[in-house]
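**Student:** Residue strings, one per chain:
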Amino acid sequence: MTYAIEAEGLVKRFKDTEALAGVDLAARKGTVLGLLGPNGAGKTTAVRIFATLLRPDGGTARVAGHDVVREAGVVRATVGLTGQYAAVDENLTGTENLLLIGRLLGLPRRQAKARAGELLDRFQLTDAAGRAAKTFSGGMRRRLDLAASLVGRPSILFLDEPTTGLDPHSRGELWDLLRGLVADGATALLTTQYLNEADVLADDIVVIDKGRVIAEGAPDQLKAQVGGQVLELRPILGQDLARAHALVAQAAGPEARIEGERITAPVKDPELMPAVVRALDREGIAVGELALRRSSLDEVFLALTGHRAEPGEPERDGGAADRDDEALEKAVSRS
Amino acid sequence: MTATTITAPVTASGRVPPLAGVRQTFTMAWRSLVAVKHNPLELVDYSITPIMFVFLFTFVLGGQMAGSPEAYLKYALPGIIVQNTLFMTMYTAMALNTDLTKGVFDRLRSLPIARSAPLIGRITADLAKHVWAMLLMIGLGLALGFRITGGFGGFLLGALLLVVFAAAVSWTAVLIGMVAGDAEKVQAFAFTLIFPITFTSSAFVVVDTMPGWLQAWSDVNPVTHLSDAYRGLLLGGAVAEPVLWSLVWAAGIALVFYPLAMRAYRAKV
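Residue numbers (numbering that gives the first Met the number 0), protein chains in the order written: chain A, 0 to 334; chain B, 0 to 268.
Pulled out of the complex, with its shape left as it was, chain A reads as follows (with noise of 0.2 Å):
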């Protein structure tokens, strides 16, 4: 088997902080690693590493083959990267930031000119060609910083939350995007706090907390892992949803939980619907909705880390965070 990206006993170390603790991964040719982990994981300290912006303290890492640290050249001429924040030249237009990356590449100013215009047209950019990239929404600078880092057509793309901050639709548009490139052949490691984001486009997932590797798989195989089946159920009078959870907690434990108007726990005993009818009938509870689904990665990810992946502060340090974009984000992720 062929990895494009590939990582072994990965160690990086910040003064006190282990950032990674000796995290193993790799990524198959042509497909989508979804690289999971709430903030501080150690995710983007991952990616740094594989996009040589930092060396590692311990362990391996490789990019098509190549060392990320003995052959670093070969690396950045190999791969694209979409960091956390849009790295787009505000001053310039759209077209003047892909040109910029294009002649750096080495290409002529006709050819670059050219492959800009190819670029804006394939993320929809034409339009704001000649606009500064300031006067960009959010979802335009992410879709423009992407097309900066395809530049010089690599064959391995990194992603730090590519879409974190955005609004439902203009992450339903990179998505596309991605899903495009990857269909094209590219590979790409992509990290994400959103757990529904991996599970629509990653073929494996890596779950990291706190620098370690805590579960890898399919997404598929992630779900089934904890257990498979989640139960739900919303009295119809909010009133009753505390009497309800403690009837739902006597039958299937502690991992009862309210979320909002519903109460959900994890199913590990066929038993447990029916118990827990029997006991809502005799109460006296009228539930307007009861239901047994799949465990979401969300559950998955609670099951695995014993915490909720909860959006907050970006992880890289020292950057500027905006506090739109938390605001919007936090947004996003309650919808």
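What the hints contain is simulated information worked out from the structure, not anything from laboratory work.
All residues carry an ideal CB built from backbone N, CA and C; glycine is no exception.
Hints are not guaranteed to be accurate.
Stated by the list, open to error - DEER-style ranges, computed between Cβ atoms:
id, chain 1, residue 1, chain 2, residue 2, range
1, A, G29, B, L159, 55 to 63 Å
2, B, L134, A, K133, 27 to 35 Å
3, A, K133, B, P258, 29 to 37 Å
4, B, F188, A, A113, 37 to 45 Å
5, A, D23, B, R262, 28 to 36 Å
6, A, A290, B, K184, 52 to 60 Å
7, B, R14, A, T59, 19 to 27 Å
8, B, P258, A, G8, 30 to 38 Å
9, A, R121, B, F151, 51 to 59 Å
10, B, L141, A, E117, 43 to 51 Å
11, B, F194, A, K133, 26 to 34 Å
12, A, K133, B, A127, 20 to 28 Å
13, A, S136, B, E240, 52 to 60 Å
14, B, P258, A, D183, 40 to 48 Å
What the hints assert, rightly or not - Partial pick of chain B residues on the chain A-facing surface, computed with a CB cut under 10 Å:
id, residue
15, T6
16, K36
17, T97
18, L107
19, L110
20, P111
Unchecked claim - Chain B is nowhere near these chain A residues, computed Cβ spacing over 12 Å in every case:
id, residue
21, A25
22, G58
23, Q123
24, D126
25, N195
26, V212
27, K222
28, A250
29, E260
30, L279
Mind docking chain B on chain A? Use the hints.
**Tutor:** Quick look at chain B alone, frame taken from chain A:
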């Protein structure tokens, strides 16, 4: 991807051939200069502030300082240009800092290009902006009655001296840009540093009336030497000593700050 990857020439370890590195540096300089086209405010910073300084110094202070605005302009214009040159180096710091905090440097570092290209490209472009601001202020001065009595040669040598000095101070700017938390801090720091240094020099006043201890400082102040040298070159007169001292200071600043700046740059970029 169906088509072949496009990439700059680079060795496995990441070294870039010198010629490609030079070309990349010019591309980065182009980037800094073309930005002015879309950000007229930046041009305002480069142009309006110097113009305002010339007017304020000439018409508000001129009569008091030298008996007439025209007489004072003759003394102060070279000093105002020197001060503006120092202020403008801080734009280099701010721009580098913005690139650093906005992730632009991450993008550039992930490309197979010379490590120094973003830095040297920026400094080169900013030196071009220095020349622009200098020409603007000289032009304004001429319109207000300033005369270059030192001849065209003096004018050219003066411009060269300013550019050399600015290039040396740029390394201080690089260091500040790399270590500052954000662009506003860069600005605050620059003002608290540059204002006292220029005002305790011979840039705007003859230092004779300063108390002795201050005169002692202003006699060694690099801005005194640079102002005297530039004034001498524009107006004609003995300039050997201040020019020499200006060059010594430029060399000293570069010697101290170049290694510090490069260390900070390499740590970040």
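**Student:** Report the numbers of all earlier hints that the structure fails to satisfy, in ascending order.
**Tutor:** none
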